[in-house]
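Visitor: Residue 430 in full-length UniProt numbering sits at position 430 of the sequence shown; the count goes up by one each step and never skips.
FYI, nobody ran anything at the bench for these hints, they're computed from the structure.
Some hints here could point you the wrong way.
[To be verified] Cut-off 20 angstroms, straight-line C-alpha distance, at most; resulting in silico cross-link-like pairs (EDC-like, lysine to aspartate or glutamate):
1) K369 x E470
2) K82 x D186
3) K503 x E470
[What the hints assert, rightly or not] Label-pair restraints from in silico Cβ distances:
4) L386 x P180: 40 to 46 angstroms
5) S160 x K492: 39 to 45 angstroms
6) G301 x D440: 41 to 47 angstroms
7) Y245 x Q271: 24 to 30 angstroms
8) N449 x A354: 48 to 54 angstroms
9) A185 x A354: 17 to 23 angstroms
The C-beta atom is built at its ideal place from N, Cα and C for all residues, glycine as well.
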Amino acid sequence: MSSSGQENVTENWLRNACQRMSGDRMRLEYYPITSESTECSRQLWDGSEVIWQREVHLEPGREGVMRIRIDSAQTADQSVLKLCHFADHLVHLAESPRVLSAPDDSRISSKDVRKYSTKKAADQNADAPLAVNRSIDASLESILKLTNYRGAAFLMLNESGQELRLKSYVHQSLNPLPFPERKLADSNIDRLAMLEGYGVCRGNHTQGRVWLPTDVMTGICVSVRFTTGVIGTVWVFDRRNREVYDRELHVVQSIAAQLGADLEERLRDQQNTDHRRMRTELKLAALTQPARQILFSDRTGSVDAHGCCMSRYDVGGDLCEIFPMSESQFFVAMGDASGNSLPAAMVMTAVRGAIYAMLYQIRAESIEKFQPAEFVGRLNQMLDDLTGAHQFMTFVCGLVDLTTRTFRYCNAGHPQPIHIQTEKVEYLASNGLIMGVDGDAYYSESEINYEAGEALVFYTDGISEALNREHRQFRQDGIVAAAQPRLNHSAKSIFQGIWSGVKSHQMGDSENDDASVLVLKF
Numbered sequence: 001m002s003s004s005g006q007e008n009v010t011e012n013w014l015r016n017a018c019q020r021m022s023g024d025r026m027r028l029e030y031y032p033i034t035s036e037s038t039e040c041s042r043q044l045w046d047g048s049e050v051i052w053q054r055e056v057h058l059e060p061g062r063e064g065v066m067r068i069r070i071d072s073a074q075t076a077d078q079s080v081l082k083l084c085h086f087a088d089h090l091v092h093l094a095e096s097p098r099v100l101s102a103p104d105d106s107r108i109s110s111k112d113v114r115k116y117s118t119k120k121a122a123d124q125n126a127d128a129p130l131a132v133n134r135s136i137d138a139s140l141e142s143i144l145k146l147t148n149y150r151g152a153a154f155l156m157l158n159e160s161g162q163e164l165r166l167k168s169y170v171h172q173s174l175n176p177l178p179f180p181e182r183k184l185a186d187s188n189i190d191r192l193a194m195l196e197g198y199g200v201c202r203g204n205h206t207q208g209r210v211w212l213p214t215d216v217m218t219g220i221c222v223s224v225r226f227t228t229g230v231i232g233t234v235w236v237f238d239r240r241n242r243e244v245y246d247r248e249l250h251v252v253q254s255i256a257a258q259l260g261a262d263l264e265e266r267l268r269d270q271q272n273t274d275h276r277r278m279r280t281e282l283k284l285a286a287l288t289q290p291a292r293q294i295l296f297s298d299r300t301g302s303v304d305a306h307g308c309c310m311s312r313y314d315v316g317g318d319l320c321e322i323f324p325m326s327e328s329q330f331f332v333a334m335g336d337a338s339g340n341s342l343p344a345a346m347v348m349t350a351v352r353g354a355i356y357a358m359l360y361q362i363r364a365e366s367i368e369k370f371q372p373a374e375f376v377g378r379l380n381q382m383l384d385d386l387t388g389a390h391q392f393m394t395f396v397c398g399l400v401d402l403t404t405r406t407f408r409y410c411n412a413g414h415p416q417p418i419h420i421q422t423e424k425v426e427y428l429a430s431n432g433l434i435m436g437v438d439g440d441a442y443y444s445e446s447e448i449n450y451e452a453g454e455a456l457v458f459y460t461d462g463i464s465e466a467l468n469r470e471h472r473q474f475r476q477d478g479i480v481a482a483a484q485p486r487l488n489h490s491a492k493s494i495f496q497g498i499w500s501g502v503k504s505h506q507m508g509d510s511e512n513d514d515a516s517v518l519v520l521k522f
C-alpha cells in the first residue's frame, strides 16, 4: 500500500470514529489541513463553541485538526471530559504507525500471531512477551479511563483457533474471571462477538451467570481483529445492570482495533528479526559445508580430481570429500542426505563429522584397518541412532590405491559411480541399503582396477535426474555422453563437459535439487 493510501485509511478511520462518538449536543470532528484551506479552516475553528482542539500530524505535509464542539445548552460535565480524553486517545493512535493496516504483500495471518504469542510466552527470558503484555495492559487501562466500566479482559485464541486463553485482566476490585481458558465452541458470547463485532451479556441471564465474574451484572464482548482475521476478544465489565451506550461501545471497539493492529505490528517486527537471525545463522552454517569446488592431485601426477558441490539453498545435504590417507592412497566419498536445505544439511554435517573422526583415527593407527564395508556400517549405525525414520542418506566411499591401481569401495544406495574407459563404460553397483534406515543393515564391498587415461565420475541425483522442459532426465547416459569425448583431457575438462551438459539440458531452468559432481582422472 502506498504512503498516501495509508494516510487516507487513517483519515477515514478518524472520521468514522468521530462520527460514532458524536451526539446531538456534542460533536467530535476531524478536518485535514490543506495548503489552500489552512487559513480559512483555522478561522472557522476559532469559534466560541469549540471547547477542545488539537493538531494531528500524520505524515510530513499531511496534517489535520481534531476538535470538539458543544451546543450552547450543553454544560462541561463528566461526559464532555471523557470525550476530550477519548479525542486525545484517537490522536495518539492516528499518529502511531501501528494504526495502519499491513501492506497486502506483507500480511500476517491470525494463526501466526497466536503462534507467536504462544511461543514467546514460553520464553521467560525474552523481552518481547513483556512488551506485548504491557501493550495489552495499557489498552485495557485506557478502556477503564475512557468509560464507566470497572473491569476489562483480553482473551486470545490459541494456535489451533479452537480455544481462548486469558492474557490480561485489569479491574477495580472485581471477582475473578470464570473460565480463563475456554473452548470457543462453548462460549456463545465470544462467538457472537467474532461474527457480529460485539455481544452483550447480563448477569441475571443464564449466559451471564456462566461467563461473568460473580459480582458483575453487565458485560460487553468485542472482537479483536487485524488484517487477516480474528485473534481474540476484549471483555468489559460493570457491577450495575446498565444500558450499553453507543459512545462507550465505540471507545471499546476503537481500542480493541488498535490492540489488534499493535499485536500485528509487533509480530511483523519479530518476524523480521527472526528472518535476519536465520539468515545470519545460515551463513555461519554454510561455512561448515563441503567446499563448493573440489581440487586434488597427488605429487606424482598419477591422478587429478576436480569437482563441484552446489546447494540449491544456502546449505544443503550433498557431501563430497577427498582425504589423503598415505603417500599413495586417498579416501573419496560422495553422499546425498534426504530433503533440502537445513534438515538435509544437519544430516550431512553429522555424517561428515563422523567420517573425519574415523579417518583421523584410522590414519593414525593403521591404514590397513580401513575396510569400506565396515566403515559404511559404522556410519549407518550412527545415523540410524541419531535421526528419525524420515532422515536417511545415500552414500558411496572407497580407497584409491595409486600403487596397485585399484579402487576398493562400498556403495550404500547411491547413484552408481561411472568408470569411463577407452573402450567401455562400467557402472559401480550398490553394495547395500541407504544409510539411516536400518541400523543392522549388512554391507559388502567391491574392487575395480583402473588404467592410466581412464576416469571415475561420482555424482548425486541432482545431476542424473535433472529435468529439461519436456521433463526428461539427464540420466547416466547424459553424463557419459558429456564426459567421454573429453577422456583424453584433464579432470577439470571432463567436469566442465558434464556440468555444461546438465545446464544445457535444463535450458536455463532453475535447479530443483542440490547437485554435485566429482571427476577422478587417472
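Visitor: Does each hint fit the structure? Answer for all of them.
Guide: Structure-based check of all given hints:
1. K369 x E470: violated (49 angstroms)
2. K82 x D186: violated (36 angstroms)
3. K503 x E470: holds (14 angstroms)
4. L386 x P180: 40 to 46 angstroms: Given about 41 angstroms between the Cβ atoms, the range holds.
5. S160 x K492: 39 to 45 angstroms: With a Cβ separation near 56 angstroms, S160 and K492 fall outside 39 to 45 angstroms, so the hint is violated.
6. G301 x D440: 41 to 47 angstroms: At roughly 43 angstroms between Cβ atoms, D440 and G301 fall inside 41 to 47 angstroms, so the hint holds.
7. Y245 x Q271: 24 to 30 angstroms: violated (39 angstroms)
8. N449 x A354: 48 to 54 angstroms: Roughly 30 angstroms apart at Cβ, these two residues miss the hinted range, so it is violated.
9. A185 x A354: 17 to 23 angstroms: The hinted range 17 to 23 angstroms is violated for A185 and A354, with Cβ atoms some 51 angstroms apart.
Checked against the numbered hints given earlier, this structure breaks hints 1, 2, 5, 7, 8 and 9; the rest are met.
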